[in-house]
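Throw the hints in and build the complete structure from the sequences for me.
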Amino acid sequence: MSETLERPGTDAAEVSAVVPASLGDTFRAYVANVRSGEIGSLPAVIGILALYLFFTIAQSNFASTSNLYNIVREGSPPAVLAMGLVFVLLLGEIDLSAGVVGSAAAIFGVVLSVKHGIAWPVAILAAGAFGAVCGLVLGWLRARVGIPSFVVTLAAFIAFQGVEILVMNSSTGNLSINDATLNKLNNGRLTPTQGWIFLVVCVIGYGLVKYVQRASRTRQGLAVEPFSVFGLRIGALAAGGALIIYLLNVDEAVSWQQREGIHTWGVPLSVPIIVALLAILTFVLSKTRYGRHVYAVGGSNEAARRAGIPVTAIRTSVFVICSTMAAFSGMLLASTSRSVNVANGGGNTLLLAVAAAVIGGTSLMGGRGRVVDGALGAIALAILINGMSDLLQGGNAAAWQYIVEGIVLLAAAGVDAVSRHAGRSTS
Amino acid sequence: MSGNEPILQMRGINKSFGPVSVLKGVDFEARAGEVTALVGDNGAGKSTLVKCIGGTYSIDDGDYLFEGRPVKVHGPRDSSALGIEIVYQDLALCENLDIVQNMFLGRERLNGVRTLDEPAMERLAGQTLASLSVRTVKSVRQKVASLSGGQRQTVAIAKAVLWNSKVVILDEPTAALGVAQTAEVLRLVRNLADKGLAVILISHNMNDVLQVSDNVAALYLGQMAAQVQRSELTHTQIVELITAGRSGNLGLPLATTLSTNGVAA
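Chains as they are written, first to last, in this note's numbering: chain A, 1 to 427; chain B, 1001 to 1265.
Treat the hints loosely; a few may be bogus.
[To be verified] Simulated crosslink set (DSSO-like; lysine-lysine; CA at most 30 Å straight-line): (1) B:LYS1051 / B:LYS1024; (2) B:LYS1051 / B:LYS1072; (3) A:LYS287 / B:LYS1138; (4) B:LYS1138 / B:LYS1166; (5) A:LYS210 / B:LYS1138; (6) B:LYS1072 / B:LYS1166.
[Unchecked claim] Residues from chain B shown here face chain A by an in silico Cβ test under 10 Å; the list is partial: (7) LEU1091; (8) GLN1101; (9) PHE1104; (10) PRO1119; (11) VAL1144; (12) ALA1145.
[Claimed, not checked] Beta-carbon label-pair distances, calculated as ranges: (13) A:VAL201 / B:ASN1111: 20 to 26 Å; (14) B:GLU1067 / A:ARG144: 39 to 45 Å; (15) A:LEU136 / B:PRO1019: 41 to 47 Å.
Derived from the structure by calculation, the hints contain no laboratory data.
For each residue, glycine too, the CB sits at the ideal point set by N, CA and C.
In C-alpha cells, the structure reads:
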C-alpha cells in the first residue's frame, strides 16, 4: 500500500473533486446544490434583502442610517448567542438555558465590576469563565449521565432565573454598569477612519486565507475554482462591506453639533467584536481536527466512536462553547442597556437565537451548519423585529410580535425538515 | 499464489460467554494476496471469530499469530496498529461528511500549523480510489448522503485500505446490494487481494464466495469444519460443510459432529 500513498499525482486523475471550471459552471453547481437540499444560508440572505426592501417601502424612516445603526446594535447579542448555539445544534442537541445562563454570567461579571471594582477585562473573562463552568456541568449531565439535553437545559433555564437573582442580590433587580469600557461594548462606535481600516483588514485577511488555500491546492495538483470566482468573492465582500461602512459612517449629528466637533457616526464596536469571534469559531470548526470531529459526532455517533473520536468529550465541549459564547452575548446585552437586569435572557431570547441559527442554515437534526449561519440569521431577525416594532402599533402590537416570531421559528424549522428530505439519496 | 506463510494465523482459539462455548479450538489462517472466505450458518461463530481478530473480544485460549509472531490483541487499537481493518456491515460512515472527510475520519492529516491539510487528504483519497480502479464515484468531495449503497461500500473499503493495512476483513459487503453493485464490489475485493492484501470475506452468498475467493473456511457450530483451497471445492461441498460440518472426507469427524449436535442443543 505504501507505494500508493507516496507516489505523487501520477494516476490520481481518475477520481478527484469536481471543481466548476468557470463562473457560469460555479453558478450552475450552486443552483444544483440548492435544488438537492443544500440551501445553506440562502433563506437568511433572501430574508435580509426581502425584509429590508419590504420595511423600506412600508415605512419611510426604516431605511435611515440611524435605524441601520439600531438594527446592528440590536442584532449583536442574539448573533453571538446564535453563533455559540450552532455548536450544540451541530450535535443535534439543544441548549434552552443559554439565554439565562449567559445573562447570569453577565450579572456575575457586572457585579464584580460595579461592587468589587474589578477591571473590565477581568470582568469579561469572569463572565466567560462562569459560562464555561455552567456549560461543563450541562454537558456532563448530557454526555456522561445521559439525560436528554432538552430536559437538562430546560431545568437549567428555570433554575438559572433564580441564580440571576441570587448573584444580583439586590432588591431592585437592576444594576447599572459604571465602567466606561463595558458600557462601550455595544454603545461605542469606531471612528469613520477606523471603520475603513477595519474593512480593509477584513478584505485582505479573507483574500489571504482564500489565496493560501488556493495555492496549497495547486501545490497538490488539485483543481481550483476559476480566478473569476475567487475575485468575485473578494469583490463582493469589499463592495458589500464598503456600502455598510459608508452608511454607518454618515454623521447623525445636527449642524451645530458638527460645528462644535460632536459627531454621531461610525461602525458599532460590536461589529469588530462579532467579526473576530466569527473568524475564531469558523477557524475552529472548519480547519481543526476538533471541528471535524464535532461534525462527525453530529453526523453519526457510532461512526465517530469507531473512528476513535472521544464522543463524550466532544459532546460535553459543545455545551462549554455555547455557554461561554452566551456569557459574551449577555455582556453585550447588558452593555446595550448599560445595566444588568434579573429578567435578562429569559422569555424568548434563546428561541430567537435558535431561529437565527436555523434561518442561517444550521440544521436542528445535527450535522449541518456553520458559525456564520448564526450571525446571518440574527441580522435577518433583527431587521424583522426592528421593522415590526414600528409597523405594528396599538394595544395588541406585542401580541402580533410574539405570533410573528413564533411563525418565523416554525417556518425556519419547516424549511430545515423539507431540505433534509430533498437531500436524501434517491438510489 | 499460496505456499507463502500466512500473514494471520489463529490456532486453537477458544471463546466462551459464560457457560456458552462459542468458539471451540478454531484454527484459521489468511494469506496475503488471497481472498479467504469465511462461511458458516447463523450462530456458527463467524462474527465472534472476527471480533476476536479485531480485538473487540479477547480470546480465552489459543494462539494469535501475525506475520509469524505471536501477538496480544486487547482492543481495536491493537489490531489497527498491526494493520488489520474491519469493514462492518453497517458501514459507519458520516452522511454529512464528504468522501475525503470520511476516509480520514479520526486520522486527519495536519499541516505545519496544526490545521487540517485538506489538499493532501483530497489527493491521497483520490489516489487510493484510483489505485482500486474505482470509477463509480463522481467526485471525492461528494457527501456520503448522496452515494448509493455500492458506492458507500466502496468508500468504506477504500477507507480501510488507506491505512497501509495488511489484512482487510469485510462483513457481508454485498448483502444489501443490487446485481451491478455487487459485481463492482466483488471486483474491488479481488483488486485488494491482487494488490497483495489479505482479504477475509464473510458472506452468506455462495455465488460471491465461489466467484471471488481463493480459500474457503467453513465454521460449523463453533468449530472449524475445514479450511480448503477454493479450487478443491464444489458448491455442494461448501453447502454441506456449512450445514453438516462435513462433506465426504472433508470436515469434522462424524462422531464429533454428532456429539456437537447433541451438546449444542
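Taking the numbered hints from earlier one at a time, note which ones the structure violates and give those numbers from smallest to largest. Of the numbered hints given earlier, the structure breaks none, since each of them holds.
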